[in-house]
Amino acid sequence: MKRLAAVVALLGLATATACSSGSTNKSSSGGGGGLFTTIDVNRPGLDASAPANPYNPKGNSFSGFNAMRIAWVKNHLTDPNQALPGIAASWEIAPDNSAITLKLQPNAKWSDGKPVTAEDVKMSIGIAYTQGSTAFSVTPGAAGAAAEVTVVDNQTLKITQDMASPSPKFARGVLDTAVLPAHVWSSVLPADFWDKLKTARGDGAEAEKARTEITAIGQKVIAFAPPKDVSAGPFVLERVNPGEALLVKNKNFYNAAKVAPAQVKFLNYTGNEQIWNYLTAGKLDQSGFVAAPTDVMNRIKQGPGNEVIKGYSPVAVSMAFNQSKKPYDNVHVRRGLAYLIDRDQVTKVASPEGGTPAVTTSGIHQKAAQAWIPDTLPKLDPYKPDAAKAEAEFKSAGLTKKDGKWTLADGKPWKVSMHAPAGFSDWLSAQENIKSQLIKAGIDAEIQTSPDYPVYLEELAAGKYDVGFWLMALGPAPYDIFQRLYGASNGWTNVAGKIEHSPAGKNGNWMGGPEQIEVDGAKIDPGELTGKLNSANEEAAKPIMAQLAKAANQDLPVIQLWDYVNNQFVNNSRFTGWPHDDEILRLGTGVLASGVWIQLGMVKSKQ
Amino acid sequence: MTLIARRLAGHLARGFVMIIVVATISFFIINNIPGDPMAAQYDKLLQSGMSPEAATQAVKVLYGFQPTGSLWQQYTDYIGGLLHLDLGTSVSRPGQPVLGVLGEAAKWTILPVLGGTLLSFLVGVILGVYAAIKRKSKLGDALAISGSLLHGIPQYVLAMLLVVIFATLIPILPADGPVDIMFEPGFNAGYLGSLAEHAVLPIATYALSAYGGWVLAMKSSVVTVLGDDFILAAELRGMKRSIIFRYIARNAILPLFTILALSLGLLLGGAVFIEKIFNYPGLGWLLIESINTRDYALMGGAFLLITAAVIVANIVADLFYTVIDPRVRSGEDST
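Going down the list, the protein sequences come from chains A and B.
Letter by letter, the first sequence follows residues 1 to 607 of our numbering.
Letter by letter, the second sequence follows residues 1001 to 1335 of our numbering.
Think of the hints as simulated: they come from the structure by calculation, not from any bench.
Any given hint could be a false lead.
Said to hold, decoys possible - Interface residues of chain A toward chain B, partial, derived using beta-carbon atoms under 7 Å:
| # | residue |
| --- | --- |
| 1 | LYS58 |
| 2 | SER133 |
| 3 | ASN306 |
Said to hold, decoys possible - Stretch-level coverage of chain B by chain A, calculated; a stretch enters the list once three of its residues show a Cβ under 8 Å from a Cβ in chain A:
| # | region |
| --- | --- |
| 4 | 1088–1098 |
| 5 | 1221–1228 |
Every value quoted in this text rests on a predicted model; they were computed, and no experiment measured them.
Just so it is clear, CB atoms sit at the ideal spot from N, CA and C, and this is done for glycine as well.
Given these sequences and hints, build the entire structure.
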């Protein structure tokens, strides 16, 4: 017993000693502005053993901080090619969009002191080809793909577009490319890579073989682990543990004098509730959008120094129909439901802070719609809640109301069965609200949850659901916006620039909408029109988008419920100067906007 | 020694067969889990602003790490790899061998769960003996009630309670990961201190939630031993209370060693809620993440590790019993 007591006493002593030594030696956490604390809300779970590789999904590469791109593409409503300078100080886009010439930052250096050269950028482009990129695609005929990459001089590159299938967002695709040091990464690409690439972009068996080889190189790229982080960004990775990552200022960064923080700490998280806790405690200097219930959002807003900046997020959520199933094959049923569901109420319940009720179903986020189709938008049916109109639509569909309950045309009971993945709290809250609205109107309804998102998508694509929720209006590019309604999920696939239609239930066509729709007295093929958006310039795109918006509005493959809002959380206790400009609150794919604000000198230390 | 060696050989042979059987079953279950991870990844990339063509290629590259061939071919490759301790390559952590990923996560599970298990065992056993001896006093009742109460509170409730008290209301302990990044990793006071400081709340949660079980089990075991003749004989001989106490403890603790060995085997299953709440990226969290990302190789590896740990713990418990309990040895000898 004496021995046991001694062990217990020792354990207690050790813990007490540990507690005291840990707290006294700890560095200050953010006080004084030297340390910037943030979080990558799109990647839960830091992996201490992951490499500093921007293509590795777990990579300890934080775009904007220790990973640079050619430029930082903006969230512009109509012009996808607008960007902030990155490794390229400036660029010139040919008037016909056939080429872009990049001028690199004259003083750009890697963190090991070596200069950033045009050869680095060319090699980075080669690597981008292996991973899949809009501008650097191995798929023959892909819209907006580059044709030639030429190093003009040590500071200049020219990239031409394959004009056989041009895209207005070609320059965006080029600019949104990660830049890597050739002296670290060049071993990943074989010496004959550019010849292989040329072959891959052709036709036939040889091309197919080359494409397979490039995909295999892509796997090597994704798994590549540089011995240490060599960064051209404002920071360089110092170390990572499973709870945090520490980056320190890169003294060789070309704009180092304007970079306010000396260190950056990324916090790990495994669930949204941890981010809420960090935000409530005022620990984070900045965080990207994270969905939060109203009470949590209120607590966050009350956190010391906290501020929520709201901006445009090119995403909307909709209630999508499987038109292979009755009665959703009948447009009057879909319209009836659109008149019945009060979207204001749904949004207020489901996403009061993170969304604004959709003004109508146009297929486009309302903010983008005002920029793209300002004349068409007011002409669309807003589907304001109107029980009488809903009843008339249901009657047109042959539905009947008996004892206050709507039944199908054949007299069978009608139950609206809505599906959502478990854990998608805003979707589930919305469905609860819709369910109660429908039941109140005499329509039986139920909610069914899938265990997770992969199962949900698989079952949705297999046509197992009558009604599911669907993300749509994924801008800013017009093609990306409408392909969510008139793309593979509705039967149209874009193979090498050629649009093909599959019947309902085949090749992922779960929406099962008609191949042609009558708009303004003329039959249109919405999938073909969407495909045209891939190569149409701004002026050519506008009338197509107007037609598609009308088609979506009258045919209702989905009911657009709410448009998301980009909530950025910032803290004014240690840093200031946060931008409020919509266009730069959200930057390119996977880019951590605060890193870009810091490197451009917008964020100032509050001292 | 020959007896122990013989038992060990038998256990190892049975354990090996069991591992292969479990690996086979889990392989087929895992490969039949519904869900399309490629579609989910594709959708995620589209939402982040990637064009459909680019997302298609990115998904193709990422899921190139997924094994190919018929299910049978994949199975034989898997078992073949297993025999060479190769559990494949992770998809969610491209290029990283599964064994390495598991090893990295295991250390963050072992620290809080092992610490918590041993601490709760130690405290629970001592207080369990005391609760049994003083079972007619108020203190004995209080110990038994505290054991039942803590045993009944779900682990995540206890964890959140501790976080609220010690990390929010009286912020004296951290609850945000295993160690402060500001300390240089290594054998230095700051780093080790930070490790220990961060481990206090997870260990305390685990210890408090497991303590009740030990107290109640030990109390019950001691009460049984108290009725044995040899205790009465010792009391009648006028032996010192400390010696009688030792007699009681040694005999009563035997069944608890088996439970302890099994608990240590289950240790590698992680403590999902503790890991999630305290941001400890251990095996429990890894298993959940591998299911969410449909990282089949990682999922299989995690299941296998948990299974193997339980089997090994069983073997160790059995052998240990042979060593510590003379009755087991004599039973074997007589056969």
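Status of the hints after comparison with the structure:
The restraint placing LYS58 of chain A at the interface with chain B holds, with a minimum CB-CB distance near 5 Å, inside the 7 Å limit. A distance limit of 7 Å between C-beta atoms decides the matter here; for SER133 of chain A the minimum to chain B is near 5 Å, and the interface restraint holds. For the restraint placing ASN306 of chain A at the interface with chain B, the shortest Cβ-Cβ distance is roughly 16 Å, beyond the 7 Å limit, so the hint is violated. Coverage of a stretch by a chain is defined here by at least three residues with a beta carbon nearer than 8 Å to that chain's beta carbons; for the region 1088–1098 of chain B and chain A the count is 5, and the condition holds.
With 0 residues bearing a CB less than 8 Å from a CB of chain A, the region 1221–1228 of chain B misses the requirement of three and the coverage assertion fails.
When held up to the earlier numbered hints, the structure conflicts with 3, 5 and fits the remainder.
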